[in-house]
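Below, each chain spelled out in residue letters.
4 protein chains.
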Amino acid sequence: MNLPSDTVLSGEQLGKFVSDIFGNHMPFVNLLGMEMVYQGMDKAEIRLPWKDDLMGNPILKVLHGGVTAAILDTVGGLMAILHAVSTWPSVSIAQLQERVGKMSTIDMRIDYLRPGKGELFIATAEVIRKGSRVAVVRMELHNEKGTHIAFGTGTYMIG
Amino acid sequence: MNLPSDTVLSGEQLGKFVSDIFGNHMPFVNLLGMEMVYQGMDKAEIRLPWKDDLMGNPILKVLHGGVTAAILDTVGGLMAILHAVSTWPSVSIAQLQERVGKMSTIDMRIDYLRPGKGELFIATAEVIRKGSRVAVVRMELHNEKGTHIAFGTGTYMIG
Amino acid sequence: MNLPSDTVLSGEQLGKFVSDIFGNHMPFVNLLGMEMVYQGMDKAEIRLPWKDDLMGNPILKVLHGGVTAAILDTVGGLMAILHAVSTWPSVSIAQLQERVGKMSTIDMRIDYLRPGKGELFIATAEVIRKGSRVAVVRMELHNEKGTHIAFGTGTYMIG
Amino acid sequence: MNLPSDTVLSGEQLGKFVSDIFGNHMPFVNLLGMEMVYQGMDKAEIRLPWKDDLMGNPILKVLHGGVTAAILDTVGGLMAILHAVSTWPSVSIAQLQERVGKMSTIDMRIDYLRPGKGELFIATAEVIRKGSRVAVVRMELHNEKGTHIAFGTGTYMIG
Numbered sequence: 001m002n003l004p005s006d007t008v009l010s011g012e013q014l015g016k017f018v019s020d021i022f023g024n025h026m027p028f029v030n031l032l033g034m035e036m037v038y039q040g041m042d043k044a045e046i047r048l049p050w051k052d053d054l055m056g057n058p059i060l061k062v063l064h065g066g067v068t069a070a071i072l073d074t075v076g077g078l079m080a081i082l083h084a085v086s087t088w089p090s091v092s093i094a095q096l097q098e099r100v101g102k103m104s105t106i107d108m109r110i111d112y113l114r115p116g117k118g119e120l121f122i123a124t125a126e127v128i129r130k131g132s133r134v135a136v137v138r139m140e141l142h143n144e145k146g147t148h149i150a151f152g153t154g155t156y157m158i159g
Numbered sequence: 160m161n162l163p164s165d166t167v168l169s170g171e172q173l174g175k176f177v178s179d180i181f182g183n184h185m186p187f188v189n190l191l192g193m194e195m196v197y198q199g200m201d202k203a204e205i206r207l208p209w210k211d212d213l214m215g216n217p218i219l220k221v222l223h224g225g226v227t228a229a230i231l232d233t234v235g236g237l238m239a240i241l242h243a244v245s246t247w248p249s250v251s252i253a254q255l256q257e258r259v260g261k262m263s264t265i266d267m268r269i270d271y272l273r274p275g276k277g278e279l280f281i282a283t284a285e286v287i288r289k290g291s292r293v294a295v296v297r298m299e300l301h302n303e304k305g306t307h308i309a310f311g312t313g314t315y316m317i318g
Numbered sequence: 319m320n321l322p323s324d325t326v327l328s329g330e331q332l333g334k335f336v337s338d339i340f341g342n343h344m345p346f347v348n349l350l351g352m353e354m355v356y357q358g359m360d361k362a363e364i365r366l367p368w369k370d371d372l373m374g375n376p377i378l379k380v381l382h383g384g385v386t387a388a389i390l391d392t393v394g395g396l397m398a399i400l401h402a403v404s405t406w407p408s409v410s411i412a413q414l415q416e417r418v419g420k421m422s423t424i425d426m427r428i429d430y431l432r433p434g435k436g437e438l439f440i441a442t443a444e445v446i447r448k449g450s451r452v453a454v455v456r457m458e459l460h461n462e463k464g465t466h467i468a469f470g471t472g473t474y475m476i477g
Numbered sequence: 478m479n480l481p482s483d484t485v486l487s488g489e490q491l492g493k494f495v496s497d498i499f500g501n502h503m504p505f506v507n508l509l510g511m512e513m514v515y516q517g518m519d520k521a522e523i524r525l526p527w528k529d530d531l532m533g534n535p536i537l538k539v540l541h542g543g544v545t546a547a548i549l550d551t552v553g554g555l556m557a558i559l560h561a562v563s564t565w566p567s568v569s570i571a572q573l574q575e576r577v578g579k580m581s582t583i584d585m586r587i588d589y590l591r592p593g594k595g596e597l598f599i600a601t602a603e604v605i606r607k608g609s610r611v612a613v614v615r616m617e618l619h620n621e622k623g624t625h626i627a628f629g630t631g632t633y634m635i636g
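If you read the sequences in order, they're chains A, B, C and D. Counting with my numbering, you get residues 1 to 159 for the letters of the first sequence. Counting with my numbering, you get residues 160 to 318 for the letters of the second sequence. Counting with my numbering, you get residues 319 to 477 for the letters of the third sequence. Counting with my numbering, you get residues 478 to 636 for the letters of the fourth sequence.
Treat the hints loosely; a few may be bogus.
[As the list claims (entries may be wrong)] Just the calculated beta-carbon pair ranges, DEER-fashion:
id, chain 1, residue 1, chain 2, residue 2, range
1, D, P566, A, N30, 46 to 52 Å
2, A, S5, C, K361, 32 to 38 Å
3, B, R206, C, Q413, 47 to 53 Å
4, D, P566, C, E416, 55 to 61 Å
5, B, G192, A, E144, 27 to 33 Å
6, C, R365, A, S5, 54 to 60 Å
7, D, P566, A, E144, 36 to 42 Å
8, B, S164, D, K538, 46 to 52 Å
9, B, Q198, D, P481, 34 to 40 Å
10, D, I536, C, V326, 16 to 22 Å
11, A, T147, D, E575, 34 to 40 Å
12, A, T87, C, E437, 31 to 37 Å
13, C, K435, A, T87, 23 to 29 Å
[To be verified] A short list of chain D residues far from chain C (calculated; beta carbon distances all over 10 Å):
id, residue
14, M503
15, Q516
16, M518
17, L531
18, P535
19, T564
20, P566
21, Q574
22, Y589
23, P592
24, E617
25, H625
Worth flagging that the hints you see were computed from the coordinates, not collected in a lab. As the structure is a computational prediction, the values presented were derived from the model and not from experiment. Heads up, the beta-carbon is just placed ideally off N, CA and C, and yes, glycines get one too.
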């Protein structure tokens with residue numbers, strides 16, 4: 001989406017625009033192969049197909065713990081930003097970029113439940129503490145069979 | 160280091176062999192460009208040169224939070240394993256691989272202190288809770304100017 | 319329950335005995351006024367009636383954050399121990415006391431969602447990572463109206 | 478300190494007034510027996526003498542994990558507030574109470590390193606992430622012999 005920076009967005013357009021930034025304009029997200037799945041403003045979902053580059057221990061053929069942390073931080077950040085923009089009136093792309101540039105992860109906890117085995121990994125998130133300046137988000141990682149691989153909890157600065 | 164699996168290692172050889180596994184046989188570690196710096200059995204250090212693929216927000220030109228989490232998890236895991244093997248008598252490579260294969264991160268917290276700006280990132284770790292089955296490790300990330308970027312705390316299953 | 323130390327317990331008796339230790343033989347649990355509610359071996363529940371001694375900020379009349387942390391650590395520890403003993407065959411009280419004495423909290427995260435207002439607080443827990451040596455438990459705190467006050471996650475050494 | 482609510486405080490007076498609120502006007506802090514030790518605006522310290530009421534496991538005679546969490550949350554909150562007020566110009570007591578009433582713990586991690594044995598427990602804190610709205614604080618608990626019992630990390634809403 002290459003739109004003039006004074007284009008005004010609101011509601012669902014805003015959500016899709018944010019998803020597009022995450023999915024297509026973050027080099028590290030592309031390096032890993034994460035794909036944003038737009039699900040509305042109340043839910044965030046990212047899919048990550050297995051590739052050998054994501055392996056930690058090559059004997060076990062499982063995701064490196066850092067991949068799990070990276071996808072959970074990303075889906076948590078996406079959720080926090082969708083939550084923030086859902087409370088805004090319409091904004092221009094220039095304003096959106098300025099405000100998104102100030103958002104950041106404050107802290108994150110990852111709980112590794114089972115080895116990261118699978119063909120496709122699905123990360124989801126929901127906001128558990130809503131605020132105008134800070135949001136707390138819970139994240140989960142499952143594989144394509146529904147096996148629960150990890151939990152995450154992240155605290156994000158959003159305004 | 161391609162050695163027969165019945166080669167017996169001890170002490171410093173064991174430490175260097177473990178560093179070699181982390182630095183040269185973990186695909187995700189190579190994808191990011193992490194370099195292990197062997198510092199003895201009591202300290203772990205990993206260096207990561209900047210490259211554009213590691214960017215989150217391309218406007219700010221900073222590390223994606225997932226890169227920070229990945230390098231901190233890796234240096235924490237390396238430290239936990241060095242701590243574990245430092246308490247073992249000599250072992251064969253086959254035994255080492257079997258035992259290392261059972262080690263895993265249980266949980267991890269990352270505190271993001273400052274934006275991940277720099278040319279070279281240095282992650283270090285030390286054990287704060289020593290045990291035969293579980294080790295707790297504190298990790299730090301700095302850039303080449305000594306700016307403190309993040310803290311981590313990880314709990315690792317080691318035996 | 320004052321039973322001879324060579325009394326052999328199993329199954330539900332064991333669970334009730336552990337609940338009794340937590341509810342009646344831990345001075346700090348009594349100081350706060352926590353009450354164990356036996357719910358079987360798969361679930362832990364503790365109730366805590368409001369009293370003014372538990373206040374942090376007296377202007378707001380809410381629980382001190384340390385009370386929230388204390389009840390969540392307690393219900394998480396109870397859940398971890400119930401999980402551990404549920405996998406044991408029958409044991410004597412002497413053996414149980416020896417093994418319970420070795421159990422401990424390794425780490426815990428608390429997420430404070432809303433102010434701790436209410437007349438009765440209900441803490442519940444479930445195991446999310448089962449192991450023979452380490453268990454990871456998620457905890458929740460609600461008030462008598464169902465308002466969700468806090469989440470917790472704890473990692474416990476159980477064997 | 479019973480001062481009229483329009484009294485204007487600044488600098489060290491403000492720090493001592495905040496310490497006084499924590500030490501003398503929070504019922505739960507008094508129930509446990511915590512004593513504030515004013516150390517200037519850059520450091521927070523709380524002392525807690527052993528008493529049997531603080532015990533978890535009575536066989537081991539150690540602090541209940543909830544006591545450790547409570548003192549670390551308290552010293553972290555005190556540090557976060559001292560940090561916040563140190564950046565303010567002079568304020569009236571009424572304004573201070575209004576602003577302090579809005580401060581809260583967002584999340585906290587405790588790492589339990591060694592059993593809580595001792596006669597006197599000393600909790601200290603320092604700010605690791607300074608901000609106008611959120612502060613991140615690291616806390617430590619030692620006993621009178623210098624044994625390191627626990628680490629904490631807390632994220633606090635301060636403005």
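Hints, verified against the model:
1. The hinted range of 46 to 52 Å is satisfied by P566 (chain D) and N30 (chain A), whose Cβ atoms lie roughly 47 Å apart.
2. For S5 (chain A) and K361 (chain C), the Cβ-Cβ distance of about 54 Å falls outside the hinted range of 32 to 38 Å, so the restraint is violated.
3. Taken as a hint, the range 47 to 53 Å holds for the pair R206 (chain B) and Q413 (chain C), whose Cβ atoms sit roughly 50 Å apart.
4. Range check, P566 (chain D) to E416 (chain C): Cβ separation about 60 Å, and the 55 to 61 Å hint holds.
5. Taking 27 to 33 Å as the suggested C-beta distance range, the pair G192 (chain B) and E144 (chain A) conforms, at roughly 29 Å.
6. One distance hint, 54 to 60 Å for the beta-carbon pair R365 (chain C) and S5 (chain A), holds here, with the actual separation near 56 Å.
7. The hint said 36 to 42 Å for the Cβ distance between P566 (chain D) and E144 (chain A), and at roughly 58 Å that hint is violated.
8. Hint check: S164 (chain B) to K538 (chain D), Cβ distance near 49 Å, so the stated range 46 to 52 Å holds.
9. The hinted window of 34 to 40 Å between Q198 (chain B) and P481 (chain D) is violated, with their beta carbons roughly 60 Å apart.
10. A hinted range of 16 to 22 Å for the beta carbons of I536 (chain D) and V326 (chain C) is consistent with their spacing of about 20 Å.
11. Range check, T147 (chain A) to E575 (chain D): about 50 Å between beta-carbon atoms, so the 34 to 40 Å window is missed.
12. Checked against the hint of 31 to 37 Å, the C-beta distance between T87 (chain A) and E437 (chain C) comes to roughly 32 Å, which is consistent with it.
13. In this structure the supplied range 23 to 29 Å holds for K435 (chain C) paired with T87 (chain A), their Cβ-Cβ distance being about 24 Å.
14. Not every beta carbon of chain C lies more than 10 Å from that of M503 (chain D), the smallest distance being close to 5 Å; the non-interface claim is violated.
15. Once the 10 Å rule is applied to beta carbons, Q516 (chain D) is consistent with being away from chain C; the minimum gap is 21 Å.
16. Consistency note on M518 (chain D): stated as away from chain C, and its beta-carbon is indeed over 10 Å from all of that chain's, at 21 Å minimum.
17. For L531 (chain D), the requirement that its beta carbon stay farther than 10 Å from each beta carbon of chain C is not met, with the minimum near 6 Å.
18. Against chain C, the non-interface label of P535 (chain D) is violated: not every CB pair exceeds 10 Å, the least being about 6 Å.
19. The Cβ of T564 (chain D) lies farther than 10 Å from every Cβ of chain C, with a closest approach of about 21 Å, so its non-interface assignment holds.
20. No Cβ of chain C comes within 10 Å of the Cβ of P566 (chain D); the nearest lies about 23 Å off, and the non-interface call holds.
21. The non-interface label for Q574 (chain D) is inconsistent with chain C: the shortest C-beta to C-beta separation is roughly 7 Å, within 10 Å.
22. Some Cβ of chain C comes within 10 Å of the Cβ of Y589 (chain D); the nearest lies about 5 Å off, and the non-interface call is violated.
23. Its closest Cβ contact with chain C, about 8 Å, brings P592 (chain D) to no more than 10 Å, contrary to its assignment away from the interface.
24. E617 (chain D), annotated as away from the interface, keeps every beta carbon of chain C farther than 10 Å; the closest lies near 15 Å.
25. The beta carbon of H625 (chain D) is kept farther than 10 Å from every beta carbon of chain C, the shortest such distance being approximately 15 Å.
Of the numbered hints listed earlier, those contradicted by the structure are 2, 7, 9, 11, 14, 17, 18, 21, 22 and 23.
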